[in-house]
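Between the sequences and the hints, there should be enough to build the whole structure, so can you do that?
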Amino acid sequence: DAGVIQSPRHEVTEMGQEVTLRCKPISGHNSLFWYRQTMMRGLELLIYFNNNVPIDDSGMPEDRFSAKMPNASFSTLKIQPSEPRDSAVYFCASSTANYGYTFGSGTRLTVV
Amino acid sequence: RKEVEQDPGPFNVPEGATVAFNCTYSNSASQSFFWYRQDCRKEPKLLMSVYSSGNEDGRFTAQLNRASQYISLLIRDSKLSDSATYLCVVTQTGANNLFFGTGTRLTVIP
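Respectively, the protein sequence lines represent chains D and F.
Sequence positions in the first sequence follow my numbering and run 1 to 112.
Sequence positions in the second sequence follow my numbering and run 1001 to 1110.
If you are wondering where the hints come from, they were derived from the structure by calculation, not from laboratory data.
The model shown is predicted, which means the values in this text are computed figures rather than measured ones.
Misleading hints may appear alongside valid ones.
Some chain F residues near chain D, calculated using beta-carbon distances under 7 Å [claimed, not checked]: (1) GLU1043; (2) PRO1044; (3) ASN1097; (4) PHE1100; (5) THR1102.
Every beta carbon over 10 Å from chain F, so not counted as near; a handful from chain D, in silico [said to hold, decoys possible]: (6) VAL12; (7) GLU14; (8) ARG64.
Some chain D residues well away from chain F (every beta-carbon gap over 12 Å; in silico) [to be verified]: (9) MET15; (10) GLN17; (11) PHE65; (12) PHE74.
All C-beta atoms in this analysis are idealised placements derived from N, C-alpha and C, irrespective of residue type, glycine included.
What follows is the structure, given as structure tokens:
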């Protein structure tokens, strides 16, 4: 298995632009999570899905952030418009139960 | 108050030393406990689960104290390759998501 696949690995964009991060979970995993990691705040859960349904999006910072999971093998996290304070590493993770999370390699986002 | 709190370190120890990290959690209903390891510019990876009776995996020993709501990780005979950030992680009853501490950074020095 290729693990959790995220793209792009790195993204540099200008303030105000739309950014779309992509994630392909491990086949058979029914839960998918989006996390954001910064030096100041550590790893923060943004949103998670069970069986493609958003369960908890209370961590989404504001309306500029949105996430979708149209099917079991694909999810997107979109930021529109992006701001410099959104600069962080965004991780996607998937799991089958309350154990054994597998993280993707992350997307390092820089908004200038 | 944060769900999970850890001393950020850094801990700088010589090779062969024993080092211990502690972590406290705020919700007494927390159900499952883990230690994750994160190398620089990499994703977190599961190091070990933490069981109420304590558990050991080679040079690593994890302990849970529910009464005091803290979790510990002990690393014996430290290796250079143990240098990383160690993240304390808890889940809560009925919830599927993990709560991460901000991590404790360890550097093992030759």
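Evaluated hints:
Given the 7 Å rule on beta carbons, the hint for GLU1043 (chain F) holds: about 4 Å separates it from the nearest Cβ of chain D. A cut of 7 Å between beta carbons decides the hint on PRO1044 (chain F): the least distance to chain D is about 5 Å, and the hint holds. Because the smallest distance between the Cβ of ASN1097 (chain F) and any Cβ of chain D comes to about 5 Å, under 7 Å, the interface hint for this residue holds. Contact between PHE1100 (chain F) and chain D, as hinted, is supported at the beta carbon level, the nearest pair being about 4 Å apart and thus within 7 Å.
A hinted interface residue such as THR1102 (chain F) counts as satisfied when its beta carbon comes closer than 7 Å to some beta carbon of chain D; here the least separation is about 4 Å, so the hint holds. The Cβ of VAL12 (chain D) sits about 16 Å from the closest Cβ of chain F, beyond the 10 Å cut-off, so the non-interface label holds. Every beta carbon of chain F lies more than 10 Å from that of GLU14 (chain D), the smallest distance being close to 24 Å; the non-interface claim holds. Every CB of chain F is more than 10 Å from the CB of ARG64 (chain D) (nearest about 22 Å), matching its label as outside the interface.
Non-interface call for MET15 (chain D) relative to chain F: holds, since the shortest CB-CB distance, roughly 24 Å, exceeds 12 Å. No Cβ of chain F approaches the Cβ of GLN17 (chain D) within 12 Å, the least distance being about 24 Å, so the stated non-interface status holds. With a minimum CB-CB distance of about 16 Å to chain F, PHE65 (chain D) clears the 12 Å threshold, and the non-interface call stands. At roughly 19 Å from the closest C-beta of chain F, the C-beta of PHE74 (chain D) stays outside 12 Å, upholding its exclusion from the interface.
Comparing the model with each numbered hint stated earlier shows that all of them hold.
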